[in-house]
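J.: Let the hints inform the model, and build the full structure from the sequences given.
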Amino acid sequence: MDPDRTTSAIRGEIERLARRAGHDASGLADDDLIPATGLLDSTAILELIAWYEDHFGLEIPEEVLTIDNFGSIALMAAWAQEHM
Amino acid sequence: MPHIKHLPPLVKRFRTMVAGSMFSALGQSIDDLARQHGPAYGQSFESHLELLIRAFPELPFPDWAVNGFIRLNREIVREERLFRQQGRYSAGPEIFDTIVTEVYSNPEVMEHHYLVGLYLSYFLWPHHHELWNFFGSEFLQKTPEPERFMEWGVGHGLLSLAALEAWPETQGEFYDISPFSLAFAHKLVTAYGFQQRCRLHQGDIIAQRPEPAPCILCGELLEHLPDPGRLLDLLANSLTPWGQAFLTGAVNAPQRDHLHLFRTPEEVLQMVRSHGLTIRRHLVTVHPNRRQDPLAPTVIAMVVERKKM
Chain R
1 MDPDRTTSAI RGEIERLARR AGHDASGLAD DDLIPATGLL DSTAILELIA WYEDHFGLEI
61 PEEVLTIDNF GSIALMAAWA QEHM
Chain L
1 MPHIKHLPPL VKRFRTMVAG SMFSALGQSI DDLARQHGPA YGQSFESHLE LLIRAFPELP
61 FPDWAVNGFI RLNREIVREE RLFRQQGRYS AGPEIFDTIV TEVYSNPEVM EHHYLVGLYL
121 SYFLWPHHHE LWNFFGSEFL QKTPEPERFM EWGVGHGLLS LAALEAWPET QGEFYDISPF
181 SLAFAHKLVT AYGFQQRCRL HQGDIIAQRP EPAPCILCGE LLEHLPDPGR LLDLLANSLT
241 PWGQAFLTGA VNAPQRDHLH LFRTPEEVLQ MVRSHGLTIR RHLVTVHPNR RQDPLAPTVI
301 AMVVERKKM
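These protein sequence lines map, in sequence, to chains R and L.
Mapping of the first sequence onto this note's numbering: residues 1 to 84, in sequence order.
Mapping of the second sequence onto this note's numbering: residues 1 to 309, in sequence order.
Since the hints were derived computationally from the structure, they do not count as laboratory data.
Backbone N, C-alpha and C fix where the C-beta goes; we use that ideal spot for every residue, glycine too.
Keep in mind that a hint or two might mislead.
FRET-style restraints, in silico, Cβ to Cβ [to be verified]:
{"hint": "1", "chain 1": "L", "residue 1": "Ala166", "chain 2": "R", "residue 2": "Met1", "range": "54 to 62 Å"}
{"hint": "2", "chain 1": "R", "residue 1": "Gly22", "chain 2": "L", "residue 2": "Leu295", "range": "14 to 22 Å"}
{"hint": "3", "chain 1": "R", "residue 1": "Glu63", "chain 2": "L", "residue 2": "Glu145", "range": "28 to 36 Å"}
{"hint": "4", "chain 1": "L", "residue 1": "Pro39", "chain 2": "R", "residue 2": "Leu58", "range": "28 to 36 Å"}
{"hint": "5", "chain 1": "L", "residue 1": "Pro60", "chain 2": "R", "residue 2": "Val64", "range": "17 to 25 Å"}
{"hint": "6", "chain 1": "L", "residue 1": "Gln85", "chain 2": "R", "residue 2": "Gly38", "range": "49 to 57 Å"}
{"hint": "7", "chain 1": "L", "residue 1": "Arg263", "chain 2": "R", "residue 2": "Ala29", "range": "38 to 46 Å"}
{"hint": "8", "chain 1": "R", "residue 1": "Met1", "chain 2": "L", "residue 2": "Gly193", "range": "52 to 60 Å"}
{"hint": "9", "chain 1": "R", "residue 1": "Pro3", "chain 2": "L", "residue 2": "Gln208", "range": "31 to 39 Å"}
{"hint": "10", "chain 1": "R", "residue 1": "Asp31", "chain 2": "L", "residue 2": "Asp204", "range": "48 to 56 Å"}
Residues from chain L that face chain R, not an exhaustive set, calculated with beta carbons under 7 Å [what the hints assert, rightly or not]:
{"hint": "11", "residue": "Leu26"}
{"hint": "12", "residue": "Phe61"}
{"hint": "13", "residue": "Asn73"}
T.: See the structure below:
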């Protein structure tokens, strides 16, 4: 998948989940740490991860599910690009 | 935020690890519960974390507990996605035997995350914490100390542990189909020093047909069964005439091993009433952030007794 489309798909899902909770995530930068923004609660982050696995056909092992690997849109997109 | 600064040490360690993870917002749940319930919440959570450490000294704390809780939550959210797409649970009554093999008889699932995750949910999910408080205030405190009690589907053992603590002369009988549940619960009661006051029975409760008792605990079991009505019949016939039972039901709560889908709280209440039981008190609760969601997982706790003829 084209890297821009990967990034855009992840951003779209984050914006959808944030909107559901009454937040506007359109200003989120690719490198912003998602858990630190407060845009998504823990359930929404879990949903984002479940969506990511479904959407990209990937399974994220527990030990790699860290902020260092998945904390931002850019990191999530990079991991998807590397493992698809 | 003084309520957070004053969290007890093990809760603080747990929260610190959560806060450094992808699921740092879980720390907010701890903060919210501490704010809502005051010091009693932190003390209760602390004593249960301490107990887990004593019962499982070989497992690294807080890593085991935090990772187990997160893994359980990941599985549940995956199941919720399927549930919303398909309108039904991924499992059904016809695969009960498969679930027994793949879940309840599987140490990789039971010991790794299932039991510890559910145990911790009573201190991390606001609606489960409300249920836990209801159990204490509306069942344990209002039920005269019985000579013995049974817990059917003892699971992690949290309810039995609280009963043994509240009733110092009472004997507990733990029933579960999973040897790993019984082992987990036994380690907890042993860490508390209550091991002489409990007996373990492995197998299908419906096949075992136990002797009637004045008190039965039956939490998180109905939705796991292919035919919950049979269990309710057994419950009505296993309570002594003035006996009381604590019963829970889960509504729209997909999990890998939930077989019977209750779609509304009323459906649970109606089923309980139609199987020879009277509901004395009950609680219906849902996660506060999800009250607007018509498919939000909901739990019901009930204090029941045999219907008088």
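J.: State for each hint whether it applies.
T.: These are the hints, each one checked on the structure:
Range check, alanine 166 of chain L to methionine 1 of chain R: about 57 Å between beta-carbon atoms, so the 54 to 62 Å window is met. Judged by the Cβ atoms, the range 14 to 22 Å given for glycine 22 of chain R and leucine 295 of chain L holds: they are separated by roughly 19 Å. Taking the beta carbon of each, glutamate 63 of chain R and glutamate 145 of chain L are about 47 Å apart, not inside 28 to 36 Å as hinted. For proline 39 of chain L and leucine 58 of chain R, the hinted distance range of 28 to 36 Å is not satisfied, since their beta carbons lie about 43 Å from each other.
Between proline 60 of chain L and valine 64 of chain R the beta carbon distance is about 18 Å. The supplied range of 17 to 25 Å therefore holds. Range check, glutamine 85 of chain L to glycine 38 of chain R: about 29 Å between beta-carbon atoms, so the 49 to 57 Å window is missed. Taking 38 to 46 Å as the suggested C-beta distance range, the pair arginine 263 of chain L and alanine 29 of chain R conforms, at roughly 42 Å. At about 58 Å, the CB distance of methionine 1 of chain R to glycine 193 of chain L agrees with the hint of 52 to 60 Å.
Taken as a hint, the range 31 to 39 Å is violated for the pair proline 3 of chain R and glutamine 208 of chain L, whose Cβ atoms sit roughly 59 Å apart. Separated by about 54 Å at the C-beta atoms, aspartate 31 of chain R and aspartate 204 of chain L satisfy the suggested range of 48 to 56 Å. The criterion of a C-beta within 7 Å of any C-beta in chain R is met by leucine 26 of chain L, whose closest approach is roughly 4 Å, and the hint holds. Given the 7 Å rule on beta carbons, the hint for phenylalanine 61 of chain L is violated: about 17 Å separates it from the nearest Cβ of chain R.
Look at asparagine 73 of chain L: its Cβ gets to within about 6 Å of chain R, closer than 7 Å, so that hint holds up.
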